[in-house]
Amino acid sequence: MYVAVKGGEAAIDNAHRLLAEVRRGDPAVPELSVAQIRAQMALLVDRVMTEGSLHDPDLAALALKQARGDVVEAVFLVRAFRTTLPRFGASVPVDTGAMAVERRISATFKDLPGGQVLGPTFDYTHRLIDFALAAEGEVEPAAEAEPRADAALCPRVTDLLARDGLIEASPMDEGAPVGDLTREPVDYPADRALRLQALARGDEGFVLGLAYSTQRGYGRTHPFVGEIRVGEVAVAFVPEELGFAVPLGRVRLTECQMVNQFKGSGATPPQFTRGYGLSFGQSERKAMAMALVDRALRAEELGEPVTSPAQDQEFVLAHCDSLQATGFVEHLKLPHYVDFQAELELVRRLRAEFEQKPEPVEMQEAAE
Amino acid sequence: MLAPGFADPVHDAQATFRAVMEALARPGLVRPLAPGLQPPAPLTPELAAIALALTDADTPVWLDPALAEAPAVAAYLRFHTGAPLTADPARAAFALVRDPARCPPFDRFAPGTPAYPDTSTTLVLALDTITEGMGLHLTGPGIRGTARMALAPLPDGFVGQLATNRADFPLGIDLILTAPGRVAGLPRSTTVTEA
Amino acid sequence: MAPDPTGSAPDRTIAGRQAVMALCADADRDDLAAALEALGSPATQDLRAPETGLVMATGRIGGDGRPFNLGEVSVTRAAIRLADGTSGFAYHLGRDRTKARHAAILDALWQDPARRGRVEAALAPVAQRAEAARVQAARHTAATRVDFLTLARGED
Amino acid sequence: MSGTQTFPSPRARGEGRGDLVVDAASPQGEGEGGFPGESPPVPPPHPRLPPRFADDEVGETLSPQAGRGDAQRTTDQQSGYNFAYLDEGTKRMIRRAILKGIAVPGYQVPFASREMPMPYGWGTGGVQVTAAILGRSDVLKVIDQGADDTTNAVSIRRFFAKTSGVATTTRTAEATVIQTRHRIPETPLTEGQTLVYQVPIPEPLRFLEPRETETRQLHALAEYGAMHVKLYEDISRHGHIATTYAYPVEVAGRYVMDPSPTPKFDNPKMDDCPALQLFGAGRERRIYAVPPYTRVRSLDFEDHPFRVQEFTHPCALCGADGVYLDEMLLDDAGRRMFVCSDTDHCEGRRADGHVGTGDAI
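Protein chains in written order, with the working numbering: chain A, 1418 to 1785; chain X, 68 to 262; chain R, 5 to 160; chain W, 199 to 559.
Any given hint could turn out to be false.
Okay, derived cross-link-like pairs now, DSSO-like style, lysine-lysine, Cα gap no bigger than 30 Å in a straight line [as the list claims (entries may be wrong)]:
1. K428/W - K467/W
2. K1680/A - K1527/A
3. K360/W - K1482/A
4. K1750/A - K428/W
5. K1774/A - K1482/A
6. K1750/A - K360/W
7. K1774/A - K467/W
8. K1527/A - K428/W
Hints are computed from structural coordinates only; laboratory data are not their basis.
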């Protein structure tokens, strides 16, 4: 005897109660604090802020805890929270040239004003699991040294190259309004500013894969790391009511300047071309990948043949957002039995027709 | 002294929008629209309600000469909607027409583009009377069979201009028609004839 | 951001006000609370309730080109008025409304030239701590610099 | 969960969860987890379907007050949210897109879709359209695969109860706004109703041409030859048009439109429909509309006219035929049962005394 019932509601409630319990895990293990995540999982927090397109370390750390460490879920929580907040305005563009550098390396010059500064990096560590870390213990204090006279002066490598006309200038600021893909639907071809916004908030895995493809022949741009710098910059904003720039505080950023294949024509002598990447926190791999794809997406603008995915604006912009990607891929788990029933009915009918006909259907003369 | 906007901004805007939506979805059907606003003359309560409900910083608004002459109207709209006012009908997302008899020819407004016909201007006319069941004959999407609607006052060649507008479909402007306490719609998809 | 002594008076005042704002933005809530206490915690009234929102952080294409939208930063703002009518404002990264309100009061107090000295004195420990932290960070960073050349004349 | 304890009042249960406000969709324990203690799944050989309320337990759970979804006032809207979640600026933007969509039937209007608290691809387009049109006096119905109780329908209905406090119902006839995924209700819609479809891929030509820049031009030029070629290729290969859902239609003689993944069985209901039909694609950022009483023609050929699916069995619960059915697999020996996909329609028929055979096939 079957009777229709409605069990969806209760099942959802119980699933969410189970989630809360499983998230907490073994009560004997001390609960993970948001402050611990923020301090000791800083690079993970930086990624959630960058892809969540919202700089708020405490919020990102909380989102990671709520998401049981799942980055895309945490990015989702941050993005949805963002929608609930009013926007006060846009900042004064940050000046990465005045960055209090914590890390600054260049692959194009052995030494340069401000020097090669490694900062806190995994580079050159031997990736051997350090079992000492398993036990809580004191950390040996960091070394110190007297900053050299030119330490505060860290000009950008691209500025140095530009001084001698060796690299193309950055696009001029003519005061035109800045496109914002969260406020207007994207139209193709998309302006480079929109592309950078999309890449900055794009899934690191996707952007990294695309960047890697450009190095293996899919849209080669002969890239060199002109410079990578990590450090804090002041962020300021001009409120209507005050009319002058109010300092909001300091934000850590990672900037990558790629110097790429030079380009010249009959009329202009050859110059190196630029790829640019900028991300929240210490997100070096993201900033580098972003710079490579930024340059690849400029193929049309620089008159290069668009032959590979990383150069194809619609392909990159339509698929780089982790929220849209995970939403649609995972939506396949939603009920589809009505559509499946429609397919089932057709397949059954075709199979029935197949049985009745002696020779295979293809043999029939189709009206070509 | 600046006249107040909607008493209940969230729900009054929603109610105004629903009336306009029904009016455009069912051309020939007249919907009640009683926004309870006292905007500065010559802006009518109905024009003001539609401006408050649908326009903002993203929608340039064109005022016809009758409205443009009254500085209080521009001040009211700027304060309550934040919409930029434009003197160029071809750049207007919305055109507020207080004096329909002297409404500029439709081709002065933005018709939209073949790829983006939605970027055309929406004209909002303040008529004296809208009467169902008589006058012009309407057919097309949203109408079961035919509908009839009498409008006054109208610019000369109104039906002819509508015919040209319809012929350019999917391009074309869309009309929201208001009269005291009432709203009706004439989207570009509607075919309008005298008889 | 020490005020530029050569600027005109109003510019110097704005620059001075910006410097105090920057100091408060980087300080933590307890620092500001202590400073306010030292200044007698004057009565104030909210011009606008403290509110958390967003500011779109913009970068420049190529670092020095036209702007692009990098992503938003959370910002909390407060606006208060002192008994004498002076209004004070604060805009800080993050979502700490109490801290923003403290900073708005300090901003209002600072605008009165008579009280400016005492406000800056109350904030002096905050400034010293900030400077010490900056120097410490620079020294840690300097230790990771790769030295290729040292000038023969012994200048290290 | 024992099957027969008295169900706690929703308020008590809701409070314990802090933010979770119990919405009307589950008045007085209707959806309170069914009857886990119910009779074992293996039905007697010739099950006789019980009259509607014969069994007390069934009666208690499916009592009218808890049962057929009478319009239920919910707790007033959760404080802290704007009415229906979206800020007023976003609502204006969506409302303008809806009006232009109505004016150009079948044309996809781009809009700056917002990130919502539910994933892209799970109804954010439909939710944003519903949120933009919803008013305090509306009565909202939310269905997925034709049923009010599927998990995503429950989740979305709960979202609106929490953020707007509007009355909700499971009865098609009572609703003024119906948000649906993949089905059009069997009960004919009326002039006072608006149907909002959730749409994953709004572009009917998308699988023929992946680029938006291309498809945008094809629509501008009304160049739909590729779609006809595709449909004809199916015929030459399978003897039938192989599209069984999201079957492309021509609206008001101009735009080719994707009705969303509804089965082609539902396409005829779109033609000359008294209700306004609105379509929201959140991830793809498009809104489009079919005004009432508008011609909606499924693409076909003279020699291969549009045909809808037929089912060989009536609904096992209410005996309806000519309706879309779900196939329930009963065991691993191939025994299955066909029941109405539209649960409200099925419940209504059963309330009126219609009875199905109640047996498996």
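*Taking the numbered hints from earlier one at a time, note which ones the structure violates and give those numbers from smallest to largest.*
5, 7 and 8
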